[in-house]
Amino acid sequence: MNTKIDIKNLQLMIGKQQILKNLSVQIPENKITVILGPSGCGKTTLLKSLNRLTDLYEDVVVKGEIILDGENILQSTQDVTAIRKKMGLLAQRPYPLPMSIFNNVAYGLRISGCGNKKNIAQRVEYHLRQVNLWDEVKDRLHEPAAKLSIGQQQRLCLARGLAVDPEIILADEPTSALDPISSQAIEKKFVELKQHYTIILVTHILRQARRLADYIVFMYLGEVVECQPTEDFFNHPKEEITKEYIKGAFN
Amino acid sequence: MKSKQIEEKIFKALMYISLILIIGVFLLILVSIIYKGLPSLSWSMITQTPKGGFYYGKEGGVLNAITGSLYLSFGATLLAVIIGIPVALMMNVHLKKHKRFVSGIRFFLDVLWGIPSIVYGAFGFTVMVMFGIKTSLLAGIITVSLFILPIIIRALDEVLKTVPEGLYEASMSLGSTRSETAFKIFIRQTMPGLITAILLSFGRAIGDAASVLLTTGYTDHIPTSLSQQAATLPLAIFFQLSSPIEEVRSRAYASALILTVIILFISLLSRYISSHFKQHQIKF
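Chains as they are written, first to last, in my numbering: chain A, 1 to 251; chain B, 1 to 284.
Hints are supplied without guarantee of correctness; some may be wrong.
Calculated cross-link-like contacts (lysine-lysine; reagent style DSS-like; alpha-carbon spacing at most 25 Å) [claimed, not checked]:
id	chain 1	residue 1	chain 2	residue 2
1	A	K86	A	K31
2	B	K278	A	K86
3	B	K184	A	K16
4	A	K16	B	K2
5	A	K86	B	K58
6	A	K31	A	K138
7	A	K147	B	K278
8	B	K161	B	K184
9	A	K138	A	K63
10	B	K184	A	K138
11	A	K147	B	K184
12	B	K184	B	K99
A few chain B residues that don't get close to chain A, going by computed Cβ distances all over 12 Å [to be verified]:
id	residue
13	G24
14	I34
15	K36
16	K96
17	A122
18	V248
Far from chain A, some chain B residues (derived; all Cβ distances over 12 Å) [said to hold, decoys possible]:
id	residue
19	V93
20	G104
21	G132
22	G175
These are computed hints drawn from the structure, not numbers from a lab. In this text, a Cβ means the ideal position worked out from N, Cα and C, and glycines have one as well.
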């Protein structure tokens, strides 16, 4: 099992509040790693520090190392846009860009300057097919993305992210705003996508973690409590607090 | 429970009164300029410049002021848009991290918004005297654009503030730079609001008399270059209204009617354009 991302002693402060406390986690390549934990434990913050979205906010200080393909991406000399292109982000609720369905997928291709019109059209079709959205939207590609249903929008956001050729998919509770059928579609897609992508999924839904995860990172109050393969995590949790969480004591 | 219902009724009544008051004032203004202005409104009023004796009630029109006002306000709005949009985007995208600095800028812009236009006129005039520039359309355009700049920036700024963090993150995580996010995403998302901001400042530009009085001058001719003086509708209304002759005063109301119709037309146009962009807006 190859390690795709190696997080070493990651600390993150917002003002005086410490959100992440000395995290060390290894994310395996071409697997689904689920970051599990109760609300407010720093799951989302961890995810956002991976593609340095945390840079965008005031008073955020990040220390430690995040090593991706042998390079520490937290170094200030790193090209942030290049790092972000390596990771597609799927947020808690879909945020389509304020443009047509076609342009939503084409946007990433255009800003990275790839290809002519024909090439872009082919790529857009390919990625829309990849998320099973093509048949639903092929007749209205130039209508606003805002007119799609929430479930369709989330799949569009996935297609848009895949179009910039990432190696990693960061998903932050991607099904929390969706109906069960749309959620299932996204989950199914993730299982297919893991052959080619490293997927990091944040969730607080135990059953979703059990269905999808190859590997589970359990977080509590800004710390990693334990990391284990899914089977071991559910059957032989090491820590007392993990056992309680699995039993549902937190809910 | 009962006192709450009474409270509810009182506030409801107060709101109705305010509503009626506002609509009433608006109708009163509209009716009075139509009533007093319509008899003098003729084809020659909008197609001719003042002939000899126009200011004694003889023939001619205010085409000089109509074109002057349109040149001036389009020019000033264009200039303010070119400068203002990047400033507003910068405040909301590039400087997002520096909240204290941005709130300082907002404070200064609000102060500038509150300064009366005559002060801008006086300031423009002082600068013109310093550099030996005569009153001209260009001097007017620059002065008026300074005067409407805080309006357009703050109006757009308020709209840009409503762009959700998630959309910003979505754009950035696709590998956009801040400028791409600003010009390709934020502008599109806020297009209807942007058009309203432009309209608001255009309305202020075309309706202002004080700032152009000292900087643009007044002439009976249609300006053919930026270095010439230009007439404006508010000043045309002012000059005609202060005349002792009945016909001339009536023409002042006709000019006011023309000004109102121009603003109405621009409003309708901007509504039409912004409704076109609204469909792309992501609702939250």
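Requested in this report: Run the structure past the numbered hints and jot down the numbers of the failing ones, going up.
Outcome: Structure breaks hints 2, 3, 4, 5, 6, 9, 16, 19 and 22.
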